[in-house]
Each structure stands twice: as structure tokens, then as C-alpha cells.
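Start from the sequences and build out the full structure, keeping to the hints where you can.
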Amino acid sequence: MAEPSSDRIDVTYVADLARLRLSPEEIVVFQKQLGDVLGYVSQLAEVDVSHVSLLGDADLKNRLRLDEVRPSLPVTEALSNAPKQDNNLFVVPKMVE
Amino acid sequence: MSTTPLTAADYEVVIGLEVHCQLKTNTKMFCGCKNEFGGASNSHVCPVCLGLPGVLPVPNEEAIVKTLLTGEMLGCQIATRCKFDRKNYFYPDMPKNYQISQYDEPLCLGGAVTLDLLAYPKDAQKDPATVIDKPIRLTRIHLEEDVAKSFHFDDGTSGIDFNRAGTPLMEIVSEADMASAEEAFAYLSALKQIFVYGGVSDADMEKGQMRCDVNISIRPRGQKEYGTKCELKNLNSISGVRRAIKYEIARQIDVLGSGGTIRQETRRWDDDKGETTLMRVKEKAHDYRYFPEPDIQAVRTDHGLYDRAKERMPELPSAKKVRLTEKFGVSAYQAGVLAADAALADYFEKAAAPKPANGAAVANFLLNDFLATATGENPIPSLAPHFFGELAELSASGQINSKQAKEVFAQMFVTGRSPAVLVAELGLAQVSDVGALEAFCDQAIAANPKSVADFKAGKQNAVNALKGQVMKLSKGTANPQLVGDILVRKLSA
Amino acid sequence: MDTTSLTIPELRQKLSSGAIRPREVVDQLATRVADVDPKLRAYLQLDVEKARTAADAADITKPLGGVPIAIKDVINVQGDPCTCASKILDGYIAPYDATVITKLREAGAVLFGRTNMDEFAMGSSTENSSWGSTRNPWDLDRIPGGSSGGSAAAVGGHEAFAALGTDTGGSIRQPAALCSCVGLKPTYGRVSRYGLTAFASSLDQIGTFTKTVEEAALLLEIIAGHDPRDNTSIDRPVPKYTQSLHQGVKGLRLGVPKEYFIKGIDPEVEKAVRDAIDEYKKQGAEIVEVSLPHTQYAVAVYYIIATAECSANLARFDGVRYGKRAQNPKDILDMYGRTRAEGFGAEVKRRIILGTYVLSSGYYDAYYNRAQKVRQLIGGDFRLAFEKCDALLTPTSPTAAFKIGERTADPLQMYLADIFTIAVNLAGICGVSIPCGFTTNKLPIGLQIIGPKWGEETMLRVAHAYEQATPWHKEKPPL
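Residue numbers (my numbering), protein chains in the order written: chain A, 1 to 97; chain B, 1001 to 1493; chain C, 2001 to 2479.
One or more of the hints may lead you astray.
[Stated by the list, open to error] In silico DSSO-like links for lysine-lysine, alpha-carbon gap of 27 Å or less:
#1 K94(A) to K1149(B)
#2 K94(A) to K2330(C)
#3 K1282(B) to K94(A)
#4 K1450(B) to K1467(B)
[Unchecked claim] Far from chain C, some chain A residues (derived; all Cβ distances over 10 Å):
#5 P24
#6 V28
#7 D67
#8 V69
#9 N87
#10 N88
It is worth saying that the hints were derived from the structure and are not from the lab. Computed from a predicted structure; not experimentally measured. Where is the CB? At the ideal position from N, CA and C, for every residue including glycine.
Shown next as C-alpha cells:
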């Protein structure tokens, strides 16, 4: 497992995961800025968290939803903000993985 | 190392199935939109399932109960506490570009699907190599939301319909315990039966209510290491799964047989062409960056949800089989056929309940007479169950004979009138009343002195002529057995 | 009679008595906006006609009947734009009301305009808005704070009677301190987030900007409450906050966390806050020194958790269903990549990248998981402290308002502006900033009062006691 203090973000790779097409200049600038931030957050490694449990409240009360139909949006409303639509479908360009 | 080429028999097949099942709830998993197949495009959507800014998911309680019920039916370990997680990836059919699913705290763990003989395809049921009641272990069952539906146009663009987005989906992951295409077929049939039994889903693959991805690899018999697996997609029916697996096994054997290696691939099944083709090579795994869903608090199943699921436990097919044979005296085979179809079994029970002793007779009428000619998938008689019960009682008590019963059976479907009414109308009641029969016999004896004389002279067969006369006199309703006995008694006196 | 500087109770009194009609109030406020907003640039959108129509229909028997309330541009109002100060949502019209908006409407309020903010609530100065910066009403060369800078400036500049804002790491309290108004962040789960464009789901809360504590209490009564549409909103009765305000602080224990009085605070800020503490002592409160030992980790924890959550929350902005889409995309990947690159500003991109990274394979345990654990420790610090005291007193911001452009080159510097407010969000507890003085160059200083979970009544009571004994809330900026 990577040691936080020695980590260096591969901005290009991460930006791709996030579907952000950055310019070469942005990559350089972000690399430095995020490197500084990572350096700053690396202090968390020194905290003793061995006894910390993330399991929440023992007296959790479920707040679930009953299976009753509620009104949907009228089709025109649903599509009202669509950048491109046709025949009540949201249109997108060629789907590739 | 053997230099002779390995044949199909030298390989062992390892199959695991990942099944997604749409739950039969009224509403979607995280919003109140109608969960319904086939609505007009984008007519069952709201800000939540469209992923608009500012919306929040609220879990459908019924979907959780149905999933717990499924886990209970399959013998799973039910989690006391479960949570949802975000599975992050971008695709146009994803309204939020993350799917709310369950990662490390699913609702159910473990469990198994037992492959009953009747779950196999008909030809495999007769195959002596078929393993009876083989258990296929499950890894887990969890809940997630379905994605939207996309339609691909000729110009390369696509249209997205979000009606399906957010539908509750149960994902069932099996261990790689299946060893043949037939076992995979049986697994899916058995699973479907469980879903239908529990009322959790109609699991119709052709409607996309049950989807299946296959993971399949082969290895030489005896080899410990698994072979490289391929994933098969685009399987649209249970028999299609069988065909696809058969093809893929042959393909993999062929590759290995000619000295090649199997590459880890996702392959698409084309049912028309009968082949799998490469979709994509599996490179490294998607980085889904799972993290706990902060918008939904953890769910406790021990505050009533699990109890509700247990209350709904139906009698499972295996238990039903046993009970039907014990209570109604039907054969094991008949019990199996009935139990395979919950609605039919239910119909049978209603028909046989007034007089369980007639169970076998009711089953005969239902399975031999009705099913033999009924059409469609999983047919149920359109008549009320008591028709069958009545018919069975009329027959078993000797009031009508078997030929008459068949006539009544046909007529009751044509006219919709009950067997008792038909018997009276058609004058079919088999007369077994000794007094009445004696009267007919006396009449016949009186009218046929020659036959009487022949019988008394030692010609035993002469009684048949008299019998025939009685049948004529009674318009065919006399109980032939009794008539014979009475005539012989009278003539021997 | 000009109503624009009245408090809500004062305004309500005039409306109820018939001395003024709701439409006139709207007109007066619109005139004030027309006068000062070209300088302040607090408003992104203001449809005066729509507000007038709503005013005409207002039911003045309702608790907020006829009162105009400004809305931060991150909260969905049906039929209105909701840009979140981002180009990527330019043109989006919300088809639904946030729950808080429904509540405001039911209380008779008149929705009045949409205020500027840092893009997607990410920032501490409102300089990250795609539509230009808002100015501090006390010094137009300085920032109003962020991310709810527009709401703070509008209320501080008397261009709004009250405004809704949101607070994820201090985005209500810090700008309130810098603009001299009352900024309240409720306990997490007190107010529904349904309709609030999410930044960090486990930290976001909608809150209020008002001139006085009493008005904050009044608004909180209206907007608080369980919402079945928000699974994180808690089912707990809403007290009448306005009725418990006047009990004074005699006998209360007020904690002063030593980690919040460190080197780096502006000496004038520290002095003003120390004077406030003295005032409380005079009023009969017992001052107790407490320690919140994990304070130094709060900013680091925040920037891991908040960015992780926002990286997922902002994934939906992809040009498929709404918002801006890049022109002539050759395929879906091209569309995603360019839409998001063109639509998001630099700070948003930075946080998405950082958030994606800390969740990514191999790094989840070291960053996200670990940060959540340290967060538990921070919450634990407060729980322990609240065993010794009823509320905490701290500075809201280490400095008064800095100049526009002063910190934009160094994101990390900007992040440290939230050092006193961030831990409150991590712990899910409540906090309010109230004016407690000015620097020698007449820049506002804020005092933060922190309460335990569901401790709004005590927190507001403590805030009210100080406010009523001091002149700060009556000051008006020299606009």
C-alpha cells in the first residue's frame, strides 16, 4: 500500500478517470498544486486510528420509503433541459467504452 | 506431458453465473416512479432517477424485503446491517455516472441453488450422467439500481430512455460450481422458479427481467489451476445460455487443442448466428472507486425487515413435493410436475382439498387430460378447481365410468357446466344402484329366454349377450362390473 | 418609509399593520439592489416582476408572509435557473423546488433573486464564481468570503432581509463574519438537503444569513424538519427557537478551545474575540478552557472527504441530460471530456481530481478510509468538550476579509481560511457566526459559537445574549 507522503498524483490518469480533458498547461499547474495539497494531507498518516471503528450508531432507525407510486415528471418537463433530444429520447453521440 | 491431442472428454468445464433480476415492486429502487415495463419513453422519470442536481435517493423498503426473502429461500446468511455504496463510472445510461449498489456489506452472503431434475432441459433429464440435486453455491446477493435503456441509431448516435433507470435489481453471484451447459440451464430454471415462488420477480429473460452473464473457463481434467475465463454477454433466454455455453466450450477446446491460449475476453453471443464474438479484451479491471453512499444511512434488517421477509416464505418446491405425495397420494413424478409450477400446484390443491383421497385421480385429470392438450406457457385450467374435484369424485365413486369421465371432461370445458350437471344432462350417471340394476337384469332375463337357457346349459359367455342387453336398456349407464355379477348370481340361483 | 434596513420582525409588524404592502417592500428592495449591486455584485439573477407577482399573492398572516428572501444559486427553485455559479449549468432551469423552498413558500415568503457563490460551493472567497466576484460591502476591494459570498454581501449590504446559504466547511459562517451578519449552520440532518446541488454529501447543510440572531432563529424554525426525501435528515421535532433566545448566559459554561487561539490569527481578530469572551464573563457565564486535540488535522480530513464526495457528486454534469454540452462531439468520450473541461472552473477541476485520486484503487485506505477515521476522532473531541461546557467560543476566521486576488495563486493558502469552521462540519454539529467588532480599517470580525448536535437552542441563546449587549449588529456598511 502506498505511503501517502511519497505519493504523486498522475494527473493525466486521474483526469481521464474523471472524464476531464485537461490542457497540457493545466496538467502541469495542477500537478504542482495538488502535490502541495497531498503533502499537506499526508500528516494524517501520523494519527493513531487503530481503535477507531467506522460502524455507525447501534440504535439506527430505518427511514425507508414505502413502495407507493408517486407522480413522475411530464415527459416534456423531463426533457426540458436536454441538450439534444429526438422522439422523447435523450440523444447522445456514439457510445464507446 | 501427453502428446496426443486432448478431446472434449479430457476437459473439465468451470462455470459461474452472475444473474441480475428485476424486482417486481411498484416503484423504483430510490424514487417513487412507477416500475413498469414498456411505458412511453421517459414517461416514468423524475428528478431523482434523472440525476438532476440536488436530488437524493431513498431506498424502497419492499425491494429490501423481497431481497431478504430471496436470501431466505436460498439459504443465505442474512446481514443484520447492510449499506449501499457508490460504484463510479461514466456511461450515458447512468443518470449520476455512479450506480448505487452494495460493495462490502451486501444483504445476503452464501446460500445455494439446488438443481432439481425437473429444472434441467427435457433431454438432460433422461441423461444418466445428470447429477440429481446438485447444490450450486452462491457467493452473495445484493441490491442495486438498474441503468437506462439505450437505442442505437443508424447515424451512430444513441437515444436514451430513463424509464428503466433506477429499477430495483438484485444481483446473485454464484460460485464457479457449474460444470456444463445443462447445469447452467438448470440453475437459471431453478432460480426463476424460486423468484416466481416468492413473488419477487417474474424473471422473464426475454423481457429483460432476468439477465445473465456467464464466466466460463476450461482446464484439463485433474489440473488444479483454473483456465483463463471468458465472460459471455447478450444472453436473452435460458436456452440461449445453454447454446452459448456449448458453443464457447467447443471454441475454447478448439483453441487449446490447436496449441493456442485462451485470452481473457468479453464475448458477445449471437443467437441467430450461433456464435460468440469478441467484444473487448479484458485488460485491467475498472477502477470503480467504491465508497459508502453518504446519502443513505445503513439499514438494519433486524428491526422488522427480516421478520417480514420470513413471514412471506412460501413452501419451497422440494417441500411441496413431499407434502403433495403424503397428503394427496400422488406419485413422486406427478408431485414433481405439480411443484414445478406454483400456480398449477395451487390449483391442484384447491381441486383435491375437499377429498384428498381422490388426489391421484385429480392429478391424472390435470396432468394427463388437461396438460396434454393445453397450449401456452404454464397453462392453468380456466375452470374453477372444484370442477376437477367433482369429476374425480364422480369417477372414483363409480358413478361414471372412465369413458364417461372423458366425455364429461371435454364437455365441461366446452360448456363451462359442472361435471355433476353434465352427468345429469347427458344422462351419463353410471347406474350402480343394485336395485335398479336388478330391475334391468330381470328385464333382460325375461326378454331373452334363449340366452338364459344357453347359460344354464353351461355356455358361460351367454351372460355377455344379456349384459349387452342391460347396457342397451340402461342406455349405456349401467355399471358393467356390477351387471355381470348380478346376472351371474340370478342365473345361478 | 424605507424598509430595506429593517429586521424581519420589524418588517412583519409593518406588513401586518397594513403600513406597507408586500409589493412595496419588493420594490424598495429592488431599488436598493439597483443602487448598490452594480458595486457589490451579490446577485446573479433577480426577476423583479416575478417577485412582485409573488408579493401580491403573499399571505401576510403566515410567519414570513410578504418577506423577501434571497436564495444562493445552488438551491433548486422550480422554473428558475440554478447555475451553481458554473458554466456547465448555464441554461438549466430547475423543474422542481428544493424542500426548503417549499417550506419558505408555505410560510408566505417571497423568493427574491439568486445570489453569487463560489462555483459548486467550492471556495472561501466567491472568486471562483464563473460570473465574476462579489465584493465585500465594507470594502469593495475585498472578498466577501465564500462560498456563500453573494448571500452574505446581500444581507450585510442591506440588499436582502435574509438569504439562504450553504455551509460545507464554513461557507456560511466565514462570509457572515467577513460581511458582519449572522450566519448559521444547523446540525447535520436538521435541514433537508433535497434540492441542494450536492457538493459534499456528508457535510453540506443549508443555513441562513440574517442581520440578527432572532431572525436566524425564526428562519430556522421554518426551514428545519425531517424530510422523507432526504434519508440523512433526522426525524426530530423542531423546537421554537425564537422562544428560548432570551434566557441569558448566567450559569452556562462556555468553552474556549486552546487550539483555536494559535499563531497566525490576526491580532485584532483575537482581541475582538477575547473581548467578547470577557463580555460573556460579565454576563455571568463560566469560561472554561477546553482542548480539541485533533484540530490540526481538520483541514486535511476535510479536503480528502469533501473532494472524494464531490468527485462523485459532480460526475452527473456530463452534457447528457441537462446543462451545457460541448459542440460537435465526435463520440461520447469526446463529449464528456470537453463538456467538463469547458464547463468547470479550475478549483472545481482540482477538487474533482483530488477526490478521484483519494478514492482510486490503492489509495482508498491511505486517504479516504483513514480520513473518515480521523474524522471520528475529531467528533470525539467535541463530544468530550461538551461534557465540560454548553457551547464553545472561537474566532470564525483567522483574519478579516483579504483583498481580491490575494490568495488565488495558492489553493492551499485559501483552504486554510476555513481552519476554524471546518471541524464543525466534520463533527456534524451546529455553529453560528455573529458580528463581534471591526478592525481598525473597519473590516468586520466574527465570533463563532459552536453547539453540540441538536444544540441550536443553547447556541442561539448564547449568541443572542452577546448581540443584544453590543452595537455591532446595528452597524451599516458605507455603501
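Is the Cβ of V28(A) farther than 10 Å from every Cβ of chain C? It holds; V28(A) is separated from chain C by about 13 Å at its closest Cβ, greater than 10 Å.
Please confirm whether N88(A) is truly not at the interface, meaning its C-beta sits more than 10 Å away from all C-beta atoms of chain C. holds, 13 Å
Nearest-CB test (10 Å) between chain C and V69(A): Given a closest Cβ separation of 15 Å, the condition holds.
If you draw a straight line from the CA of K94(A) to the CA of K2330(C), is it 27 Å or shorter? holds, 7 Å
Given the proposed pairing of K94(A) with K1149(B), does the C-alpha separation stay at or below 27 Å? Holds, because 15 Å separates the two Cα atoms, which is no more than 27 Å.
Holds or violated: K1282(B) to K94(A), with C-alpha atoms at most 27 Å apart: holds, 21 Å
Mind verifying the non-interface call on N87(A)? Its CB should be farther than 10 Å from each CB in chain C. holds, 16 Å
Hey, is P24(A) genuinely clear of chain C, shortest beta carbon separation above 10 Å? holds, 12 Å
Are K1450(B) and K1467(B) close enough, with their CA atoms no more than 27 Å apart? Given pair K1450(B), K1467(B) holds - Cα atoms ~14 Å apart, limit 27 Å.
Please confirm whether D67(A) is truly not at the interface, meaning its C-beta sits more than 10 Å away from all C-beta atoms of chain C. Since the minimum Cβ distance to chain C is about 14 Å, D67(A) lies beyond 10 Å and the statement holds.
Consistency with the previously given hints is maintained throughout, with no hint failing.
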